[in-house]
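Participant: Residue numbers (this note's numbering), protein chains in the order written: chain V, 2 to 365; chain G, 2 to 365; chain F, 2 to 365; chain H, 2 to 365.
In short, the hints are calculated from the structure, not lab data.
The list treats identical chains as interchangeable, and a pair is accepted whether it falls inside one copy or across any two copies.
Straight-line Cα separation of at most 25 Å, DSS-like style, residue types lysine-lysine; simulated pairs: (1) Lys76 x Lys98; (2) Lys50 x Lys256; (3) Lys256 x Lys199; (4) Lys50 x Lys199; (5) Lys165 x Lys50.
4 protein chains.
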Amino acid sequence: MSGNTFGKLFSVTTFGESHGAALGCIIDGCPPGLALSEEDMQRDLDRRKPGTSRHTTQRREADEVRILSGVFEGKTTGTPIGLLIENTDQRSKDYSKIASQFRPAHADYSYHHKYGVRDYRGGGRSSARETAMRVAAGAVARKFLEQRLGIRIRGYLSQLGPIKAEVLDWDQVHQNPFFCPDASKVPEMESYMDALRKEGDSIGARINVVAEGVPPGLGEPIFDRLDADLAHALMSINAVKGVEVGAGFACIEQKGTEHRDEMTPEGFLSNHAGGVLGGISSGQPIVASIALKPTSSLRLPGRGIDVDGNPVEVVTTGRHDPCVGIRATPIAEAMMAIVLMDHYLRHRGQNGDVVVSTPVLGQL
Amino acid sequence: MSGNTFGKLFSVTTFGESHGAALGCIIDGCPPGLALSEEDMQRDLDRRKPGTSRHTTQRREADEVRILSGVFEGKTTGTPIGLLIENTDQRSKDYSKIASQFRPAHADYSYHHKYGVRDYRGGGRSSARETAMRVAAGAVARKFLEQRLGIRIRGYLSQLGPIKAEVLDWDQVHQNPFFCPDASKVPEMESYMDALRKEGDSIGARINVVAEGVPPGLGEPIFDRLDADLAHALMSINAVKGVEVGAGFACIEQKGTEHRDEMTPEGFLSNHAGGVLGGISSGQPIVASIALKPTSSLRLPGRGIDVDGNPVEVVTTGRHDPCVGIRATPIAEAMMAIVLMDHYLRHRGQNGDVVVSTPVLGQL
Amino acid sequence: MSGNTFGKLFSVTTFGESHGAALGCIIDGCPPGLALSEEDMQRDLDRRKPGTSRHTTQRREADEVRILSGVFEGKTTGTPIGLLIENTDQRSKDYSKIASQFRPAHADYSYHHKYGVRDYRGGGRSSARETAMRVAAGAVARKFLEQRLGIRIRGYLSQLGPIKAEVLDWDQVHQNPFFCPDASKVPEMESYMDALRKEGDSIGARINVVAEGVPPGLGEPIFDRLDADLAHALMSINAVKGVEVGAGFACIEQKGTEHRDEMTPEGFLSNHAGGVLGGISSGQPIVASIALKPTSSLRLPGRGIDVDGNPVEVVTTGRHDPCVGIRATPIAEAMMAIVLMDHYLRHRGQNGDVVVSTPVLGQL
Amino acid sequence: MSGNTFGKLFSVTTFGESHGAALGCIIDGCPPGLALSEEDMQRDLDRRKPGTSRHTTQRREADEVRILSGVFEGKTTGTPIGLLIENTDQRSKDYSKIASQFRPAHADYSYHHKYGVRDYRGGGRSSARETAMRVAAGAVARKFLEQRLGIRIRGYLSQLGPIKAEVLDWDQVHQNPFFCPDASKVPEMESYMDALRKEGDSIGARINVVAEGVPPGLGEPIFDRLDADLAHALMSINAVKGVEVGAGFACIEQKGTEHRDEMTPEGFLSNHAGGVLGGISSGQPIVASIALKPTSSLRLPGRGIDVDGNPVEVVTTGRHDPCVGIRATPIAEAMMAIVLMDHYLRHRGQNGDVVVSTPVLGQL
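Model the full assembly from the supplied sequences, consistent with the hints where possible.
Facilitator: As structure tokens, this is what we get:
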């Protein structure tokens with residue numbers, strides 16, 4: 002049981018249902034002395050927030066986070082940080098259908114079999130709304146990593162359905178509603194999304210996340226490898242069906258002479274490893290990529306069954322994201338930040354000290 | 002620190018270096034009453050064992066496992082199961098080079114930065130030899146799952162470099178040295194591997210694993226989702242760079258109407274989800290796929306540096322697998338078994354009972 | 002780091018400072034299907050609440066708990082239960098002294114050395130106010146244990162300073178402000194406390210807790226013994242300096258023939274073990290006893306130092322409990338409930354089932 | 002389930018039955034760079050070893066420990082340390098009686114109800130023989146703490162049945178078979194034990210453990226308080242029924258003015274707290290005390306039942322310790338060392354660094 006906590010020393014535990022009273026989280030293990038305010042989290046929350054363009058759900062969620070503990074006179078104290086977001090946009094509506102139907106590709110069916118009961122309103126606990134707290138917690142990790150270690154974590158949408166971003170221009174990422182780093186592809190994405198919305202269908206996406214400035218030596222090999230924990234964290238995001246580190250699935254067709262990242266005194270000559278060797282950071286950028294499935298809440302009818310096993314036709318009329326991947330960039334960044342933070346706190350080097358190596362090699 | 006344990010209730014902790022005295026593991030949490038002997042593990046260990054064909058390393062490792070505790074009169078007692086494999090093939094050789102060099106794409110560099118010291122003989126703790134204990138522990142989980150719940154876990158090599166298996170014939174998997182389910186592709190694989198060995202290069206591979214008979218309801222949503230734990234487990238296997246569940250990365254280009262697995266009273270109509278909905282098993286087969294990178298231990302020279310930062314030319318002369326993916330099938334099966342076992346033990350349904358649902362729907 | 006979570010499968014994580022915005026907690030792992038409302042917790046919270054007699058602090062804390070998640074249509078859903086108590090009685094006062102002084106026997110000094118910063122208002126995180134959330138979480142565990150397993154957990158004050166309760170009459174426990182089961186000792190306690198309050202001093206106490214109806218078989222031997230987890234849980238309560246199970250320290254002078262609880266077909270003949278054999282419940286009542294130190298917040302001046310190491314005279318003028326033990330009974334009950342709940346959920350018997358044995362023997 | 006692991010970052014997992022093939026343990030999380038050999042552990046193992054005087058069991062156990070991994074060229078590498086003790090003194094004897102009988106005050110009865118099966122030979126997993134691995138693991142922690150932090154951990158027997166040590170002369174502790182620090186009481190203890198052995202009875206004991214040189218700031222407040230973890234660790238030792246920190250149960254009758262440890266610029270004026278304030282070390286010595294029950298394996302017959310519920314007369318003929326407390330001193334020291342080591346590794350101070358404070362105050 003349980004399962005709502007991530008992280009061993011930087012532990013994030015969340016609660017809350019989509020249409021319940023509130024979402025909340027406890028961050029346990031944040032070191033003392035970090036300047037922290039609601040604004041630090043709000044910035045990232047606003048990036049995840051729905052309704053910021055016509056391409057995402059038009060639900061209104063203020064997503065205003067309150068710090069309830071763990072911060073005193075503007076600084077963290079080392080005690081647990083309690084966070085709360087009250088739910089405001091709980092439209093009262095008729096849930097009788099959703100209560101007795103299993104919608105295809107939703108968690109209704111599996112939750113029903115696990116728990117017997119479920120809060121079906123808006124997907125309850127299985128709603129992606131839960132990720133708001135991950136973003137808030139990630140913002141704390143991110144601030145620490147940036148200020149203390151100079152680590153910068155950034156993500157972008159690298160593919161929307163069939164459309165791939167081919168240029169990585171970080172400056173473009175926040176200039177469009179897709180987090181797309183390739184300005185030339187934005188118009189194509191816009192029309193693709195407009196057509197999709199008209200159709201009533203949805204589409205998958207790919208998000209890449211990169212952490213720069215990570216010192217070598219983070220990660221505990223064997224089971225708690227940095228990349229294994231990262232895979233855990235990223236696969237735990239709603240709708241994610243695949244995770245890659247570095248070359249990822251492309252390595253299947255790579256030869257060893259191509260894949261191995263050669264080293265010279267000036268630095269690594271490539272980064273197929275994605276910044277992780279033997280489960281431990283190498284000092285190169287940590288690079289991960291995830292695949293997000295298309296949402297299954299569609300206006301187009303689909304076959305489902307009801308709780309008695311009878312066939313039903315399911316049509317979703319609510320306000321849903323036609324591409325859940327679009328809003329996932331801040332979530333993926335948050336999860337990478339949480340993983341790195343946890344591994345930084347777990348790391349103990351020679352004689353039990355926390356010396357973090359300066360890399361011998363330049364970063365590629 | 003730590004990080005050598007996997008599983009919350011079915012916990013597997015391993016120790017041992019490639020060229021050290023022994024490998025060992027403690028399985029903590031195996032329920033009492035399971036008939037268990039060394040043979041149950043040996044079968045799987047032998048499938049992973051090197052030197053069984055010309056396509057894998059010619060190192061000889063007996064990999065004979067001994068049960069030291071936790072089994073009494075042929076049955077598990079519920080107390081921890083201690084397992085030991087003594088290392089026998091420790092060729093004494095000159096390690097002076099490897100001790101001071103960082104080989105490209107090896108864990109030498111990252112271990113050095115983390116620990117300051119390392120057992121460099123044969124890769125020490127970062128050697129894939131460590132996975133022998135995972136296979137042994139997985140065999141215990143697998144036996145329990147099969148006998149108690151009727152779950153069957155099987156894997157196969159679905160791609161070797163550029164060559165894809167196109168037919169899934171389970172009967173073929175153990176008829177060739179590659180775990181390839183498509184007999185028609187075996188000759189091609191053989192000649193590919195022969196050429197590769199001659200060249201001195203290596204290649205990546207893809208392994209698929211499938212668990213059939215998994216009841217709906219296993220998995221703890223949010224962070225300890227069944228698929229997130231599976232991603233963790235599979236990404237923790239040496240050389241793995243990518244993990245997919247169900248449709249995986251293909252879902253990026255899928256529309257919602259295509260991806261969503263519709264349900265009828267007779268069963269699901271597809272399994273793009275890979276048997277997991279909202280982090281919880283749906284009763285469909287759990288399907289995962291992993292990418293393994295080509296080994297970096299090559300006869301062909303590569304650029305590396307030494308501990309002082311000077312450039313060195315690295316040539317590996319030892320006995321290495323030109324495709325580490327070939328022997329990875331039993332390891333992937335083992336990790337899936339451990340994950341399912343752990344989630345079975347963690348599962349508590351309504352009123353805290355362990356009732357595992359009988360699926361309403363037939364399996365696809 | 003971290004450390005604000007108790008329990009492996011029934012996990013309680015708390016946050017909140019004495020004079021912060023709120024106290025909160027997340028209960029992760031409560032099985033679905035339990036009828037639950039705020040009233041279930043409020044009853045126990047009210048028993049812990051200060052200001053109910055002249056013998057406890059006269060601070061007013063409403064301690065009104067709100068359920069924010071995990072309960073739907075009056076029943077738990079298996080998802081995390083978020084609880085919140087807003088702080089209402091935050092008197093604004095001058096904290097300049099306490100901010101720079103280390104009061105004797107307070108956590109000021111150790112928190113300062115650990116964290117560098119601290120929320121000094123009212124003791125911040127180290128205040129016993131934190132235990133309110135334990136009581137709320139314990140009430141959930143207690144309700145489950147009672148309804149599902151028929152386990153009853155009750156505590157009482159067995160000694161207040163030099164005055165020992167000699168009769169255990171459960172009906173008396175809630176008839177007096179001390180949770181004293183021996184009515185004949187209540188007048189003595191009242192005058193003792195009145196004198197103490199006049200003096201400005203404080204006194205220690207002993208609390209006993211008993212769980213009846215616990216089935217045999219709960220507890221995981223070696224490190225996670227039922228009694229070891231109980232010792233952990235009870236010693237984690239503010240002011241506790243000692244924990245006993247069964248005969249406790251009296252066993253030092255017992256001979257084996259006296260201590261060993263003989264068994265007959267009709268039942269055990271004694272319960273010196275306190276219901277735990279080899280770390281596992283025996284079916285007899287679980288009996289524990291704790292010692293609580295006198296509070297150190299006294300009107301009588303004591304020697305302390307300030308943050309610069311200079312000597313200071315410390316006088317506490319606030320509203321404090323002259324005997325913190327008086328209000329500790331519900332807290333000790335709560336922690337025992339949480340431990341038993343966690344072990345019930347962790348327990349898996351033969352073949353991995355959760356069969357809980359019916360004791361062969363009657364209970365003593 | 003599980004439960005055979007102690008420690009979050011310095012994790013000790015043990016396996017092994019009294020009369021099985023071997024005892025073993027994995028220490029996961031020992032920092033790299035510590036000089037370590039079998040001798041470091043053997044010294045403490047020999048102090049626990051039976052048969053060293055006529056006052057302990059005459060069983061012969063060589064208890065020779067082998068390091069199987071984690072140490073390279075005489076130093077720890079940061080990878081898990083595998084330890085093994087092969088069992089040598091496994092007398093083949095007739096176990097038919099013990100197999101079907103529940104002996105009073107043994108774990109037979111509770112193990113039977115938990116697991117359904119059990120290895121009854123010599124107590125199986127519930128035998129105190131398991132503590133050998135704790136002593137071995139503790140020796141590693143102790144060496145690190147001593148070399149890296151200057152922490153010294155020492156224990157002694159402070160009471161044997163009715164006989165109390167009244168003088169604490171550390172030099173005496175290893176001059177007698179009882180670990181008694183008061184030379185004047187040794188003759189009395191010897192004749193008491195001789196009489197007891199003749200009688201066929203057993204007796205309880207009290208052990209004190211003290212850690213000196215512990216820096217302030219170790220311990221994670223609320224649930225993972227240093228004293229709570231210590232209580233957990235000490236109560237998990239076989240036969241322990243009570244744990245005290247500092248004044249312990251004596252604090253019940255102490256007034257606040259007496260109990261509070263006043264501070265002056267020269268140091269604390271007393272140590273009733275036992276070195277822990279608010280769950281965090283204060284820089285004073287950590288002082289704990291435990292009560293060990295008399296062994297229940299007696300030549301004098303006792304009433305038990307058999308597995309069918311029939312009354313039986315139980316007589317133990319084996320070689321048993323008449324006072325298990327005598328050999329418990331090294332075990333208690335080991336557990337305290339493991340707790341302190343774990344908390345040292347978990348500790349992260351301001352900005353996430355591991356600065357351990359130099360105490361402002363002298364130690365008492």
